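Protein chains: 2
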Amino acid sequence: MNYKIDNLQYCKWSRDVFQINREAQLDAVHVTVVYHEDYDEFLERIKEWDTHFEENSDLIFLGKDFKDIEKAKKEKKTAIFFGFQNCSPIEDDIGLIEKVHEKGCRFMQLTYNNQSLLATGCYEKNDSGVTNFGKEAIKEMNKLGVVIDMSHSAEKSTLDAIEISQKPIAITHANPNFWYKALRNKSNDLLKALASSKGMLGLSLYAHHLKDSTNCRLESFCEMAARTVEIMGVDNVGIGSDLCLFQPDSVVEWMRNGTWTKSKNYGEGSKNRPGFPKQPEWFIDARGFKNLETGLKNIGFNNEDVNKILGNNWYNFYKGIN
Amino acid sequence: MNYKIDNLQYCKWSRDVFQINREAQLDAVHVTVVYHEDYDEFLERIKEWDTHFEENSDLIFLGKDFKDIEKAKKEKKTAIFFGFQNCSPIEDDIGLIEKVHEKGCRFMQLTYNNQSLLATGCYEKNDSGVTNFGKEAIKEMNKLGVVIDMSHSAEKSTLDAIEISQKPIAITHANPNFWYKALRNKSNDLLKALASSKGMLGLSLYAHHLKDSTNCRLESFCEMAARTVEIMGVDNVGIGSDLCLFQPDSVVEWMRNGTWTKSKNYGEGSKNRPGFPKQPEWFIDARGFKNLETGLKNIGFNNEDVNKILGNNWYNFYKGIN
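If you read the sequences in order, they're chains A and B.
Quick note on this note's numbering: the first sequence kicks off at 1 and runs consecutively.
Quick note on this note's numbering: the second sequence kicks off at 1 and runs consecutively.
For reference, chain A alone in the conformation it holds in the complex:
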């Protein structure tokens, strides 16, 4: 059985998006539920998701573990797995990890771009690694089955997390920086360490992570995938598209600035290009998985490996979460 999984989307959720994901035949999507929300605000987001599940029960349901990916395949639906792009919902309270897990959280980034209570983000000048609280949090996440996601973290923090965690960790959405030097992309050393601990990299389709941005060619992306597989092995690479479908630019401004600054921070963007970047035309939305399939085959991947990259690897990774 082959599964199709997009292991990171942060769309403006609506029936339209869920339908597009079904047209793309996605069996599972890891969705970002929160960035900077605290625990109470997280509960509000969950209520919104309750409504989505109720109103779109023919298309989606809440995924709890890998069996729900199988169920989704069978029922021609998409299993939705909750994740956080920052650790804000657990505030300064280790007890809240259990609470968010109960509500469905299966992935949590230890940091967004800045320093958190747990580790250092990739936009900080210095990286002190996983903190005292971070070590305790990782222990608890391992115990409960919440994946440590280091997509937006700095390098030493990520290497620390790989070492400290008793279970494989994930970088759900980023690319290698040998291909495109963005602060958010990752070094070969880090990718090797990730792979040798059986961790997963989800390749990102977000223009700021792509060589030539919106104009990135499908061939270039697939060549990069092939070189990444040379570094990490074919079992540790998947897709985490970072699709932000239908989001207004005010959202990316909030993602970057949260409530931590009175100045304006442009993150991966710039003053002249502050909004969401356009997607490359071969990956406007998840239906671009079809193009990825073609592109990966054209670059020389066999069917089995294409299926691994487009979902089976993530499916196997989910088997180890609990």
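Possibly wrong hints are sitting among the right ones.
[Stated by the list, open to error] Derived DMTMM-like pairs (lysine to aspartate or glutamate); straight-line CA-CA distance at most 25 Å:
1. A/K103 / A/D92
2. B/K262 / A/E54
3. B/K262 / B/D38
4. B/K99 / A/E55
5. A/K103 / A/E54
6. A/K135 / B/E155
7. A/K99 / B/D38
8. B/K71 / B/E23
9. A/K198 / A/E223
10. A/K125 / B/D189
11. A/K167 / A/D65
12. A/K99 / B/E91
13. B/K12 / B/D50
14. A/K99 / B/E253
15. A/K262 / A/D40
16. A/K99 / B/E41
17. A/K73 / A/D235
18. A/K47 / B/D92
19. B/K135 / A/D38
20. B/K262 / A/D38
21. B/K135 / A/E253
22. B/K143 / B/E253
23. B/K262 / A/E140
24. A/K198 / A/E155
25. B/K143 / B/E75
26. A/K47 / B/E70
27. A/K262 / B/E102
28. B/K103 / A/D38
29. B/K12 / B/E48
30. A/K125 / B/E155
31. A/K74 / A/D305
32. B/K99 / A/D40
33. B/K290 / B/E70
34. A/K67 / A/E54
Simulated from the structure, these hints should not be mistaken for laboratory data.
Keep in mind it's a predicted model, so treat the numbers as computed, not measured.
With the hints as your guide, set chain B onto chain A.
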């Protein structure tokens, strides 16, 4: 005019404590209002203080600036200045700095012992310095008149704060580590940088910061004060006793563990000595200021310098807060 100021106490507040402080002729005390409390919990602590002010208006009132120290002297009362030992009440929201300032906050530590969103605490393994949010917070604290207190912070973070802050910062309660090597005590280099930026050090009387702990001799403490003055100059040294009068041991356990760990952390204590340490007999409470006066004179300080150390330096520092 000479003023007596204890620039750090965290007692179990009651009329008894306020009376003792009056017997000690303290014109001002910087009191710790919160450690790990978030904004809402901070408001609860403020309500408790409203009651204290109401019930003990013959002894204390809320101090807002240096003029309230003068007023206290005139009225034979103690002006109470609010401070935080962690930045928890501002959560991840720079806008809350203005709110806590409105409620009276005049000192805020950027960190307690662990990493915070603003900087690194002295109990972390690595110190990445003041963070992106930390830089923004310092700007805001400077603007509003909230003193940056680095008593529990790591060295690089403290040096960063000295450099970034447009106003002098404070280490309200710590000792030099040339005298006693505790994680909380400070290096000569740091003390020099602090003094050359017109920052203040409040010498601590908390046993874990003292050479020979509870058995520390008054002479030894005063010799240390004399050597510290050689390093920092006589205008930059005061007292921040760190008195925790009448606090039960459960409080020190909470101070160290907050809600960040499921293991037990002993901080400056140890498994065999987990509670509050006993005060040295010459400084059981603030009435020990009398002994300090004698001790400092005996070690060779003249009257003017003794008065500086016991309060006038802090008074002058308060003049520059706003």
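(request) Determine which of the earlier numbered hints do not hold for this structure and return their numbers in increasing order. (result) As far as the earlier hints go, 2, 4, 22, 25, 26 are violated by this structure, in ascending order.
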